[in-house]
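Taken in order, these protein sequences are the chains called F, B and P. With my numbering applied, the first sequence covers 1 to 350. With my numbering applied, the second sequence covers 1 to 350. With my numbering applied, the third sequence covers 1 to 350.
None of these hints come from the bench; they were simulated from the model. Wrong hints could be hidden among the right ones.
Put simply, identical chains are the same to the list, so a pair is met inside one copy or across any two.
Derived SDA-like pairs (lysine to any residue); straight-line CA-CA distance at most 20 angstroms [unchecked claim]: (1) 45 to 281; (2) 196 to 90; (3) 287 to 186; (4) 45 to 67; (5) 338 to 328; (6) 29 to 263; (7) 99 to 110; (8) 17 to 198; (9) 100 to 170; (10) 325 to 335; (11) 93 to 25; (12) 325 to 315; (13) 196 to 114; (14) 67 to 265; (15) 131 to 346; (16) 131 to 337; (17) 300 to 116; (18) 6 to 90; (19) 196 to 82; (20) 134 to 85; (21) 54 to 314; (22) 100 to 23; (23) 100 to 164; (24) 6 to 16; (25) 99 to 170; (26) 331 to 321; (27) 93 to 195; (28) 248 to 190.
Given the structure is predicted, the values throughout are model-derived calculations rather than measurements.
Below, each chain spelled out in residue letters.
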Amino acid sequence: MQFTIKQIAHLLNGEVKGDDSLTVSKLAKIEQGVPGDISFLANQKYEHFIYTTKASAVIVGKDFVPKKEISAALIIVKDPYNSFTQLLEEYQKILNFSKKGLEQPVFVGQGTEIGEGAYQGAFSYVGNNTKIGKNVKIYPQVYIGDNVTIGDNTLIYAGVKIYSNTIIGNNCVFHAGAVIGSDGFGFAPQEDGTYKTIPQLGNVLIEDNVSIGANTTIDCATMGSTIIRQGVKIDNLVQIAHNVEIGKNTVIAAQTGIAGSAVIGENCVFGGQVGVVGHISVANGTKVGAQTGITRGIKKENTSVAGKPVSELNDYLRSVAVFRKLPQLEKQVRELEKRLEELIAEGVFS
Amino acid sequence: MQFTIKQIAHLLNGEVKGDDSLTVSKLAKIEQGVPGDISFLANQKYEHFIYTTKASAVIVGKDFVPKKEISAALIIVKDPYNSFTQLLEEYQKILNFSKKGLEQPVFVGQGTEIGEGAYQGAFSYVGNNTKIGKNVKIYPQVYIGDNVTIGDNTLIYAGVKIYSNTIIGNNCVFHAGAVIGSDGFGFAPQEDGTYKTIPQLGNVLIEDNVSIGANTTIDCATMGSTIIRQGVKIDNLVQIAHNVEIGKNTVIAAQTGIAGSAVIGENCVFGGQVGVVGHISVANGTKVGAQTGITRGIKKENTSVAGKPVSELNDYLRSVAVFRKLPQLEKQVRELEKRLEELIAEGVFS
Amino acid sequence: MQFTIKQIAHLLNGEVKGDDSLTVSKLAKIEQGVPGDISFLANQKYEHFIYTTKASAVIVGKDFVPKKEISAALIIVKDPYNSFTQLLEEYQKILNFSKKGLEQPVFVGQGTEIGEGAYQGAFSYVGNNTKIGKNVKIYPQVYIGDNVTIGDNTLIYAGVKIYSNTIIGNNCVFHAGAVIGSDGFGFAPQEDGTYKTIPQLGNVLIEDNVSIGANTTIDCATMGSTIIRQGVKIDNLVQIAHNVEIGKNTVIAAQTGIAGSAVIGENCVFGGQVGVVGHISVANGTKVGAQTGITRGIKKENTSVAGKPVSELNDYLRSVAVFRKLPQLEKQVRELEKRLEELIAEGVFS
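Pulled out of the complex, with its shape left as it was, chain F reads as follows (with noise of 0.2 angstroms):
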């Protein structure tokens, strides 16, 4: 997409000097940028940048007083970061909805529903009864199956494969690869050794306003649902069992794994590749240090806690500190025990 950057000051409420006739493309930073992009300049350090950036435009504020020639357009505004954050915003939201319409062949089932605004991508598969909402963006190769229902405004990245009987609400987004809904890892032990699969015939909800990330997989209920709460955000390759519940505005970084019937609070923040085991409850606004693996559930909110098996942050680091020194602290009980041999050994003590 190509803006004129008289058209961009326009949308910022800004004043151009320069040549506003030019065309911008893309969004850079100051030291990066390039002819065709748009920058800012909002923090004295970086000022020594603009006299030498290659970008056709940079945002800058009121108060910024030029001391050598600049090249590029200057885009005059209250607040430069602010503006710059709404320009990354608008020009997300373009990018985002920009598709629409429908790309042959895609494949839709018998008494589906598809709402106004619609992307279909070529290869998109949408099952039978399913209903899905306005503006959602269906992706190239996307698998949607049965008894699906999505709200509006929802997108749908390629390759994202959704179940039967899965519920979704509005303003989600999937990223390339996501499986929602695939079975629970359920299977009974037999006395041969061999294990019967448990059916599981629950499905996946999932609220408003969540993010799910690339090849990221959640997995069923047995029996009712799996259930992401409004406003969560999860990364890429994260591992969500059957009949987890993730609390709203909960954050959970790349490559953690939540086992069975977990139930996860609220406002929790955890870092990547963190192990939760099945069963367990996790209080509200838990901050949850990377790698660290959850044993047990968690009481108190708004702990930070790490390690594994899981500690209290601080007691944590503190055990850590002397681990790395646990080579000394055995020296040191060597040398007390010789010494006392050796003082018993003089004699001293009789």
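Go by the hints and put chains B and P onto chain F.
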């Protein structure tokens, strides 16, 4: 799918008390039942729910005597829990095998044979000279390469990718996004710091009754086969490297990784996020705790192990218990040293 | 593919002893060879297998003198191991580049150019204004977005998803299910506990000779590029976050995760399941043990590190050795204390 209560009672060899013409379409826990659901009561602890449940039907035992009025129809059987499990399994079978026939467009290569009773979802791809058994369900956007063999009754969910030359048995299940037969990770370091790719010309061999989780990856062997024996159950996002062999009826939880040429025994149980180094063997019946790092072979059968580097479970738990008290232990050592110094300084020893 | 032994001998500049009209179609280890296979004998230790192998042909050295009868045809060359490796590579090349032409249906957007010698598998998708070089192999169900650039001889296996604006060099390999260019995980916390999405407008830049494993995910930069330098080899299920840079010829094993804006040096080797925190640098030539947690930058080049938090490998091993003896160490400290108490109680000090 909808069934009358009469049909279900007939299937379960039970008697109906109430309106047997009502239809039900879902299975639910008694406390969560809504109209159209069928539930069960097997444990007296839950009896109070039967008087308030909104489910249309409840399966109960012959000895159940209602204490109040019940709105649901009752299906009276010998063992309500077993009957409900039977229903779950029937329902799963119907779900799994209800899909049949060909959805256009699909791609089928030359010399390929697909047995009767198959489902071929739209945008699925089967390469050349591939042999597929009876009742195999190939969901949309599945990729099956050239010279692949797949047995009867195998279920392949949406977007699974099976590379050329893979051999798969009967009654297997592959969840969405699983990748079978990608190149083993083999690169030979060269003198200039670059790496030369070691060709990976083997395949993957998967026996009967194997289940593979969503987005799990299994690499082909360098030469010969990466082998998954009968009855193995693998969860989501697991990595199985080239030339690995997994013994029969072994269960592996999510996000575990097994490095090249490791040999895992029969009837092992792996927790999630376990790592296994390459070129080692793990004995039959080993139980591996979540997040364990198996850094050496395990020779004794039927042991429980944990930690990194791996120890017997009890040794690990004892070490971990002290780890949590390390700051205290360090303090004790410091005090012992101080005490001894003081005693020496006081001249008691001379 | 089938070749006569004569054709192979010609390729390897070798002489045949036996029937050179037989055809072979697979490569195998000498102890596993079946009719139709070709194998090799380079190490005397394996000589006894040549008298029993079922392989149709065996590559041997000029100095090999049979002690018994051999049923296989022999191809006599100067260096049998090198010849076999040459054969492996030729075979791989044939496999990789045998696919050509267009399988219908495919989707190609407007303004897109695809070079000669391409393979476009059925149900593959290429967006608008994308430039694809010569001999690029696009397997079925691949998604390539808008404004993407891909160099010559790059292999893209089934179901790979490449987001818009990605730039990819020559001779790269992408295994099935890999996702390139998904949004970085960036969310700004708001006062009401919700998160606002930070637009991710950068891209991914992948240089020449890079290999990316199955179901691996590489996020785009917030602004600018996430960069994978030439010769980097990345295994399956790896997570590379936004704005990361990986130096040339670095090798990363499966299930490793690298957080946002981390900079990894050249010629590093990462074991599996490693975690790297964001905004740090790892020096050139660092060797990282499996399951390490890199919680701080590593400045010294060519060191070996391990543990969590990360230490130099030898320090880590020394601490771990004591960790395993912690219960014993604790007991020693308790005994020292008791001993000292007893001595004091006995009044020897006064």
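Quick rundown of the hints versus the structure:
In this assembly of identical chains, the alpha carbons of residue 45 and residue 281 never lie at most 20 angstroms apart, being 46 angstroms within a copy and 23 angstroms across copies at closest. In this assembly of identical chains, residue 196 and residue 90 lie within 20 angstroms of each other by CA distance solely across copies; the values are 14 angstroms between and 52 angstroms within a copy. In this assembly of identical chains, the alpha carbons of residue 287 and residue 186 lie at most 20 angstroms apart only when taken from different copies (17 angstroms versus 29 angstroms within one copy). In the homo-oligomer, the alpha carbons of residue 45 and residue 67 lie at most 20 angstroms apart inside one protomer (14 angstroms), although the nearest pairing across protomers, at 79 angstroms, exceeds that limit.
Both within a single protomer and between protomers do residue 338 and residue 328 lie at most 20 angstroms apart by alpha-carbon distance, with minima of 15 angstroms and 16 angstroms respectively. When the C-alpha separation of residue 29 and residue 263 is checked against a cutoff of 20 angstroms, the pair qualifies only between copies, where the shortest distance is 18 angstroms, while the shortest distance within a copy is 41 angstroms. Taking the shortest alpha-carbon separations for residue 99 and residue 110, only the inter-copy value of 14 angstroms comes in at or below 20 angstroms, while the best intra-copy value is 24 angstroms. In the homo-oligomer, the alpha carbons of residue 17 and residue 198 never lie at most 20 angstroms apart, since the shortest distance is 69 angstroms inside one protomer and 29 angstroms across protomers.
Taking the closest pair of Cα atoms, residue 100 and residue 170 come within 20 angstroms of each other only inside a single copy of the chain (18 angstroms); across copies the shortest separation is 33 angstroms, beyond that limit. Taking the shortest alpha-carbon separations for residue 325 and residue 335, both the intra-copy value of 16 angstroms and the inter-copy value of 17 angstroms come in at or below 20 angstroms. For the identical chains of this complex, residue 93 and residue 25 are intra-copy neighbours only, at 15 angstroms inside a copy versus 41 angstroms across copies, given an alpha-carbon limit of 20 angstroms. With identical chains, the CA atoms of residue 325 and residue 315 are at most 20 angstroms apart both within one copy (16 angstroms) and between copies (9 angstroms).
Taking CA atoms no more than 20 angstroms apart as the test, residue 196 paired with residue 114 passes in neither setting, with 39 angstroms inside one copy and 27 angstroms between copies. Taking the shortest Cα distances, residue 67 and residue 265 never come within 20 angstroms of each other, neither inside one copy (53 angstroms) nor across copies (38 angstroms). When the C-alpha separation of residue 131 and residue 346 is checked against a cutoff of 20 angstroms, the pair qualifies neither within a copy, at 90 angstroms, nor between copies, at 85 angstroms. Taking the shortest alpha-carbon separations for residue 131 and residue 337, neither the intra-copy value of 75 angstroms nor the inter-copy value of 72 angstroms comes in at or below 20 angstroms.
Neither within a single protomer nor between protomers do residue 300 and residue 116 lie at most 20 angstroms apart by alpha-carbon distance, with minima of 46 angstroms and 58 angstroms respectively. Proximity of residue 6 to residue 90 under the C-alpha cut-off of 20 angstroms is restricted to the intra-copy arrangement: shortest distance 16 angstroms within a copy versus 58 angstroms between copies. Proximity of residue 196 and residue 82 under a CA criterion of 20 angstroms is satisfied inter-copy only: 14 angstroms between copies versus 58 angstroms inside one chain copy. Within a single copy, residue 134 and residue 85 get their C-alpha atoms no closer than 27 angstroms, and across copies no closer than 40 angstroms, so neither meets the 20 angstroms cut-off.
Proximity of residue 54 to residue 314 under the C-alpha cut-off of 20 angstroms is found in neither arrangement, the shortest distances being 48 angstroms within a copy and 49 angstroms between copies. Within a single copy, residue 100 and residue 23 get their C-alpha atoms no closer than 25 angstroms, and across copies no closer than 41 angstroms, so neither meets the 20 angstroms cut-off. In this assembly of identical chains, residue 100 and residue 164 lie within 20 angstroms of each other by CA distance solely across copies; the values are 16 angstroms between and 25 angstroms within a copy. Proximity of residue 6 and residue 16 under a CA criterion of 20 angstroms is satisfied intra-copy only: 7 angstroms inside one chain copy versus 76 angstroms between copies.
Taking the shortest alpha-carbon separations for residue 99 and residue 170, only the intra-copy value of 18 angstroms comes in at or below 20 angstroms, while the best inter-copy value is 30 angstroms. For a Cα distance limit of 20 angstroms, the shortest separation of residue 331 from residue 321 qualifies both inside one copy, at 17 angstroms, and across copies, at 13 angstroms. For the identical chains of this complex, residue 93 and residue 195 are inter-copy neighbours only, at 17 angstroms across copies versus 49 angstroms inside a copy, given an alpha-carbon limit of 20 angstroms. For a Cα distance limit of 20 angstroms, the shortest separation of residue 248 from residue 190 across copies, 14 angstroms, qualifies, whereas the shortest one inside one copy, 39 angstroms, does not.
Hint compliance for this structure: hints 1, 8, 13, 14, 15, 16, 17, 20, 21, 22 are not met, and every other hint is.
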